[in-house]
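Construct the complete structure from the given sequences, taking the supplied hints into account.
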Amino acid sequence: MAFVGVTVAGLAATAVLASVSPEEPGHYPTCPFLAVSGLYCPGCGSLRAVHALTRGDLATAWDRNPLAVLLLPAVLIAWGAWGLRLLGRQAWHPSRIPAAWIWALLGVVLAYWVARNVPGWTWLSPA
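Taking mature numbering (1 follows the signal peptide of the UniProt record, and there is no 0), I'd label the letters of the sequence shown as residues -18 to -1, 1 to 109.
Bear in mind the hints are in silico, worked out from the structure with no lab data behind them. All residues carry an ideal CB built from backbone N, CA and C; glycine is no exception. One or more of the hints may lead you astray.
[Said to hold, decoys possible] Derived CB-CB ranges, DEER-like:
hint : residue 1 : residue 2 : range
1    : G(-9)     : P14       : 19 to 29 angstroms
2    : P7        : A82       : 40 to 50 angstroms
3    : L68       : P101      : 31 to 41 angstroms
4    : P80       : T(-12)    : 52 to 62 angstroms
Structure representation (structure tokens):
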């Protein structure tokens, strides 16, 4: 049942995001980390990136948050594997991910977090 709920919520959120642009101020809340610290978190720009992807604009999505663009396929694959497992089909399971991969992903996210806040490296900012 949780799979259906997550699927419906994800589709509804994507539909809202496709129709209401986060580029226009006032529609979505500001990132709390950005509001408090003035620094970008790894997720800053993700809403705008997904909005651009719903429009088929990969270049703009990449400009807003390249990490989100790279990780979205992995999230969709994990969601699909979850659904297949619930249907009784053999599928990949998250518990089979080597711990080293999880640590590597954490390292990439942390490095991205630091790099996008380095003064002068505006190419990683979600402008």
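Taking the hints in turn, this is what the structure says about them:
The beta-carbon spacing between G(-9) and P14, approximately 22 angstroms, falls within the hinted interval of 19 to 29 angstroms. Roughly 42 angstroms separates the CB atoms of P7 and A82, a value that falls within the hinted 40 to 50 angstroms. At roughly 47 angstroms, the beta-carbon separation of L68 and P101 lies outside the given 31 to 41 angstroms, and the hint is violated. A hinted range of 52 to 62 angstroms is violated for the C-beta pair P80 and T(-12), which are about 28 angstroms apart.
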